[in-house]
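Engineer: Sequence order for the protein chains is A and B. Using the working numbering, the first residue of the first sequence is number 1, and each one after it goes up by one. Using the working numbering, the first residue of the second sequence is number 1, and each one after it goes up by one.
Quick caveat, the hints were computed from the structure, so don't treat them as lab data. Treat each hint with caution, since some may be false.
Unchecked claim - Simulated restraints on C-beta separations:
1. A:191 with B:229: 36 to 42 Å
2. A:33 with B:173: 53 to 59 Å
3. B:186 with A:239: 20 to 26 Å
4. B:67 with A:9: 53 to 59 Å
5. A:319 with B:82: 28 to 34 Å
6. A:358 with B:247: 52 to 58 Å
7. A:137 with B:229: 25 to 31 Å
8. B:3 with A:318: 53 to 59 Å
9. B:266 with A:106: 58 to 64 Å
10. A:33 with B:195: 26 to 32 Å
Keep in mind the model is a prediction, meaning the values are calculated, not measured. Here a beta-carbon is modelled for each residue, glycine too, at the ideal position from N, C-alpha and C.
Take a look at the letters that make up each chain.
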Amino acid sequence: MDLKRKLQLAAYALFILSLFAVPLFTDDFGLNRASKYLVYGMLGLSIALTWGYAGVLNLGQGLFFGLGAYMMAMSLKLMSPTSLAQGSDKPIPDFMLWNAEPDAPIELCCITPGSYLWIPFQDQWFGVAMGIVVPVVVAGLLGALVFKNRISGVFVSIITLALVLLVRLIVIDAQPVTNGFNGLTDLGFFTVFGYEFDPYSREMYYLVAVSLAFVLVAGRLLADTRASLILQAIRDDQQRARHLGFDVPLYQTFFFVVSAAIAGYAGMLFVLVSEFASPTFMDLSFSVTMVVWAAVGGRSSLLGACIGAILINVIESQVSETEALVDAWKAIIGLIFVLVVLFLPRGLGGLAHDFVDWLARRDREKAHGLAASSSSPEREVKQDV
Amino acid sequence: MAEVLFIGLSLSSILLLIALGLAITYGAMGVINMAHGDMVMIGAYVTVMSKIWLDLSFFAAIPIAFFVTALIGLVIERLVVRRLYGRLLDTLLATWGISILLQQSIRLEFGLSFFGINIEGLGPGLQNVSVPSVLQGTVHVAGTDLNAYRVFIIAVTAVLTLVTWAILYRTSFGVQVRAIIRNPQMAAACGIDVKRVNALTFAFGSGLAGVAGVMMSGFKTVFPDMGSTLVVDGFLVVVAGGVGSIYGTILASGLLGEINALVALFSNDIIARAVVFAVVIAVIVLKPKGLFSFKGR
Numbered sequence: 001m002d003l004k005r006k007l008q009l010a011a012y013a014l015f016i017l018s019l020f021a022v023p024l025f026t027d028d029f030g031l032n033r034a035s036k037y038l039v040y041g042m043l044g045l046s047i048a049l050t051w052g053y054a055g056v057l058n059l060g061q062g063l064f065f066g067l068g069a070y071m072m073a074m075s076l077k078l079m080s081p082t083s084l085a086q087g088s089d090k091p092i093p094d095f096m097l098w099n100a101e102p103d104a105p106i107e108l109c110c111i112t113p114g115s116y117l118w119i120p121f122q123d124q125w126f127g128v129a130m131g132i133v134v135p136v137v138v139a140g141l142l143g144a145l146v147f148k149n150r151i152s153g154v155f156v157s158i159i160t161l162a163l164v165l166l167v168r169l170i171v172i173d174a175q176p177v178t179n180g181f182n183g184l185t186d187l188g189f190f191t192v193f194g195y196e197f198d199p200y201s202r203e204m205y206y207l208v209a210v211s212l213a214f215v216l217v218a219g220r221l222l223a224d225t226r227a228s229l230i231l232q233a234i235r236d237d238q239q240r241a242r243h244l245g246f247d248v249p250l251y252q253t254f255f256f257v258v259s260a261a262i263a264g265y266a267g268m269l270f271v272l273v274s275e276f277a278s279p280t281f282m283d284l285s286f287s288v289t290m291v292v293w294a295a296v297g298g299r300s301s302l303l304g305a306c307i308g309a310i311l312i313n314v315i316e317s318q319v320s321e322t323e324a325l326v327d328a329w330k331a332i333i334g335l336i337f338v339l340v341v342l343f344l345p346r347g348l349g350g351l352a353h354d355f356v357d358w359l360a361r362r363d364r365e366k367a368h369g370l371a372a373s374s375s376s377p378e379r380e381v382k383q384d385v
Numbered sequence: 001m002a003e004v005l006f007i008g009l010s011l012s013s014i015l016l017l018i019a020l021g022l023a024i025t026y027g028a029m030g031v032i033n034m035a036h037g038d039m040v041m042i043g044a045y046v047t048v049m050s051k052i053w054l055d056l057s058f059f060a061a062i063p064i065a066f067f068v069t070a071l072i073g074l075v076i077e078r079l080v081v082r083r084l085y086g087r088l089l090d091t092l093l094a095t096w097g098i099s100i101l102l103q104q105s106i107r108l109e110f111g112l113s114f115f116g117i118n119i120e121g122l123g124p125g126l127q128n129v130s131v132p133s134v135l136q137g138t139v140h141v142a143g144t145d146l147n148a149y150r151v152f153i154i155a156v157t158a159v160l161t162l163v164t165w166a167i168l169y170r171t172s173f174g175v176q177v178r179a180i181i182r183n184p185q186m187a188a189a190c191g192i193d194v195k196r197v198n199a200l201t202f203a204f205g206s207g208l209a210g211v212a213g214v215m216m217s218g219f220k221t222v223f224p225d226m227g228s229t230l231v232v233d234g235f236l237v238v239v240a241g242g243v244g245s246i247y248g249t250i251l252a253s254g255l256l257g258e259i260n261a262l263v264a265l266f267s268n269d270i271i272a273r274a275v276v277f278a279v280v281i282a283v284i285v286l287k288p289k290g291l292f293s294f295k296g297r
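All chains, please: the whole structure from these sequences, using the hints.
Structural biologist: So this is what it looks like as structure tokens:
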């Protein structure tokens with residue numbers, strides 16, 4: 001194992017260890033906030049996976065995040081106490097009554113047009129499954145359509161951008177099913193075998209931290225596979241990879257789907273932690289903000305993008321404590337972004353890589369120098385022969 | 001029906017007004033300028049400010065807005081965009097940062113609000129511009145009553161489009177711009193000062209956005225974030241029309257504006273917008289180069 005590899009492993013180990021050290025330093029309120037940052041970190045990672053390795057800049061990652069969030073929130077909404085207290089023996093979301101016709105039966109099947117979509121979500125695990133399945137299916141279809149047609153570069157970004165805005169509008173328009181602009185609030189607790197996950201608790205934080213650690217390690221392993229190498233070859237020269245006989249759309253779609261699944265999972269966790277789902281998850285600005293995190297952290301470094309997202313959000317929350325600085329912080333983020341794109345296109349992760357390279361080179365030179373001085377010239381000649 | 005088509009036409013002209021500048025900067029220079037919407041916003045603020053501080057009429061704001069935004073465009077090109085030619089996605093990201101900066105500098109009154117200094121007309125609040133009395137009311141055309149301000153916007157858009165067309169196709173500067181659209185290296189080899197032409201093109205595109213801002217201020221509230229949705233619309237029009245093709249942009253804006261108006265007639269505005277997005281996605285998937293395009297960079 002060379003030095004670079006060792007340092008990379010050390011960085012991952014250190015990061016994951018520090019994830020689990022956070023509860024030592026903060027209370028339940030702080031842990032709730034920290035959980036949100038970790039979810040953002042997961043999003044940053046999912047952006048870097050497609051952007052750095054596939055060269056596909058997804059400007060609509062909020063779509064998958066939002067879909068995951070809504071699927072989870074629908075199940076939790078039905079578990080909320082208010083949904084049980086609407087005058088029916090089965091749970092009914094309160095907003096459906098506000099949107100219902102006066103003489104509509106108070107049943108999920110037909111209280112509002114489209115409300116039957118909610119019926120299977122009475123089982124929490126259906127919501128959990130859909131939170132992954134829906135983003136995966138949407139990403140699979142989109143990826144197949146886009147990559148089969150050999151669309152690349154900025155056009156993929158525009159399609160993802162248009163799609164997230166399209167879905168956002170549909171969600172807003174489908175008021176009787178989704179509660180429109182207001183989103184889904186007043187949710188129940190996520191329950192596993194009778195244990196309720198309180199968003200303001202150590203257990204919830206550990207759930208998020210373990211998830212992030214798992215995604216991070218799995219992402220790293222995936223990035224070391226042969227498939228990832230082929231993907232990078234496609235990124236660098238699609239034409240050449242195609243002529244070498246690789247099924248280019250297959251690889252691109254696969255990584256696109258994995259990234260969408262991670263984003264969907266992050267959306268589910270976010271709902272557990274923050275107890276709401278809203279169409280703002282699919283705002284353009286949120287999707288671009290994710291890209292900012294990844295760019296600052298390092299677009300081609302999974303850990304870097306993850307740390308970038310966490311770092312920016314930690315600083316943002318510190319700065320936002322002072323009311324007057326909220327708007328100034330936004331301006332600073334804008335400036336940082338311009339500067340990073342101009343002068344540090346590989347982000348903090350790129351800086352770290354350069355530093356490691358420098359260390360490795362120094363190390364090698366040192367070793368080389370020692371070897372040269374300790375061994376006699378004749379022996380070296382012999383070795384050559 | 002004629003009324004719906006007219007509304008579609010006026011929606012189209014607004015789209016075209018915003019997209020025209022983008023078509024030039026994206027087509028000619030390969031720069032995705034996400035700050036374009038904020039140029040529109042600044043144009044709108046110029047209208048507000050020139051009324052409050054200089055007591056100038058709505059019409060006088062048009063040339064001022066053009067020059068102010070063109071100047072800002074020139075500065076942005078010099079400081080940022082110039083370093084990013086050939087890195088398409090990076091121009092998108094960097095100009096997104098600029099866009100946030102511009103919005104915040106209006107919201108924070110250039111930072112003066114920290115020192116308790118407030119400039120009337122700036123800040124986070126909403127501003128309103130009153131349309132001159134000449135443009136209020138309706139115009140009677142071909143048996144239907146049309147909103148005078150909408151007719152005015154259509155006329156201004158037509159004039160600006162013609163001017164842009166004339167510059168591109170009837171001046172030596174336009175020949176240089178079109179040469180750069182086709183092949184920048186070859187253009188440079190033929191002795192065209194690509195840097196200078198690019199800078200001026202960017203400034204002109206920004207200036208067009210400024211004029212669009214004056215027009216927008218007449219029927220929309222003016223606030224610091226108003227540009228964010230506009231730039232997306234404009235951008236989708238340019239891509240659907242075909243990069244680097246001014247005709248494509250004109251036709252695409254006409255198509256999308258009319259689709260928007262027609263769908264809104266049968267459902268609502270939200271669904272109409274969603275349908276427009278769907279059409280754009282379909283166009284890009286089926287014809288990634290856009291409906292009309294050159295082979296260029």
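Engineer: Hints first: check each against the structure and report whether it holds.
Structural biologist: Here is how each hint holds up against the structure:
1. A hinted range of 36 to 42 Å for the beta carbons of residue 191 of chain A and residue 229 of chain B is consistent with their spacing of about 40 Å.
2. Between residue 33 of chain A and residue 173 of chain B the C-beta distance comes to about 55 Å, which sits within the given range of 53 to 59 Å.
3. Take residue 186 of chain B and residue 239 of chain A: their Cβ atoms lie about 22 Å apart, and the range 20 to 26 Å holds.
4. Under the hint 53 to 59 Å, the C-beta atoms of residue 67 of chain B and residue 9 of chain A, about 58 Å apart, fit the expected range.
5. At about 31 Å, the beta-carbon gap between residue 319 of chain A and residue 82 of chain B stays in the expected band of 28 to 34 Å.
6. Our hint of 52 to 58 Å for residue 358 of chain A and residue 247 of chain B holds, since their Cβ atoms are close to 53 Å apart.
7. Restraint check, residue 137 of chain A to residue 229 of chain B: a C-beta distance of roughly 29 Å satisfies the suggested window 25 to 31 Å.
8. Distance hint check for residue 3 of chain B and residue 318 of chain A: the Cβ-Cβ separation is about 55 Å, which falls inside the suggested range of 53 to 59 Å.
9. Between residue 266 of chain B and residue 106 of chain A the beta carbon distance is about 32 Å. The supplied range of 58 to 64 Å is therefore violated.
10. Taking the beta carbon of each, residue 33 of chain A and residue 195 of chain B are about 48 Å apart, not inside 26 to 32 Å as hinted.
Checked against the numbered hints given earlier, this structure breaks hints 9 and 10; the rest are met.
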